[in-house]
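J.: Sequence:
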Amino acid sequence: FQLDLSRVVGGTTLTQSTGRDDEGMGFQEQRIQHEEEGLEIGAFERNEEGGDRTAGMNLGLTGINGSNTNANFGLTTRNGQTDGMNLGVDFDLGRLRNELDLEMRDGVTTMGVTSQGQFGDFSAGGDARFNLTDSRLEELGLQLGYQNPNEFKSFALEYRAQWMEENAEYAH
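Reading the sequence shown from the start, the letters are residues -5 to 166 in my numbering.
Bear in mind the hints are in silico, worked out from the structure with no lab data behind them. Quick reminder that beta carbons are idealized off the backbone N, C-alpha and C, glycines included. Any given hint might turn out to be false.
[Unchecked claim] Between beta-carbon pairs, the in silico distance windows are:
1. D115 <-> R14: 45 to 53 Å
2. S0 <-> T76: 24 to 32 Å
3. G45 <-> D115: 13 to 21 Å
4. L138 <-> G13: 43 to 51 Å
5. G82 <-> T7: 38 to 46 Å
6. Q75 <-> V107: 23 to 31 Å
7. D115 <-> G20: 48 to 56 Å
8. Q75 <-> Q110: 33 to 41 Å
9. Q10 <-> V102: 30 to 38 Å
10. G50 <-> R14: 42 to 50 Å
Could you build the full structure based on these sequences and the hints that come with them?
T.: Shown next, in the form of structure tokens:
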């Protein structure tokens, strides 16, 4: 169950929640969201029984030169110690929608990069995940697709390589 109490003032909404999740763990959560033309800002904090805490922030900008940009930051603590941190940004660049994600957890830092675009009836994209701690490419993906707008004709191709699976002798 979850009980929410929200208060709206102008373009700002403050929500406080309390309840139990699907596993029966009690929690309390506070969220604040502010929206106005072309700008969206949000923050949240969640405290769970046992002292685990998650907090995050989000900033979104829309309509600047016809593009959208979104940035987020998250922090997780367990037993009073930082357990993980992530940082992400999504942005438009011409016809491409791009994402950059950075995550630090358990002493390992990873970065993900994604870019996808629509070019007429074709779509194309690529993504990669890097382990910055070990200076290695972990995964690489490429996508290509076509969809005829007037007929039920389409195709999609995808290639994905996972470095760790193909080079298990380097696992530690």
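J.: Each hint needs a verdict: does it hold in this structure or not?
T.: Checked hints:
1. Checked against the given bound of 45 to 53 Å, the beta carbons of D115 and R14, roughly 49 Å apart, stay inside it.
2. For S0 and T76, the Cβ-Cβ distance of about 30 Å falls inside the hinted range of 24 to 32 Å, so the restraint holds.
3. Our hint of 13 to 21 Å for G45 and D115 is violated, since their Cβ atoms are close to 53 Å apart.
4. For L138 paired with G13, a C-beta distance near 45 Å keeps the hint of 43 to 51 Å intact.
5. In this structure the supplied range 38 to 46 Å is violated for G82 paired with T7, their Cβ-Cβ distance being about 23 Å.
6. With their beta carbons about 29 Å apart, Q75 and V107 fall inside the hinted range of 23 to 31 Å.
7. Range check, D115 to G20: Cβ separation about 51 Å, and the 48 to 56 Å hint holds.
8. One distance hint, 33 to 41 Å for the beta-carbon pair Q75 and Q110, holds here, with the actual separation near 37 Å.
9. Roughly 34 Å separates the CB atoms of Q10 and V102, a value that falls within the hinted 30 to 38 Å.
10. The hinted range of 42 to 50 Å is not satisfied by G50 and R14, whose Cβ atoms lie roughly 21 Å apart.
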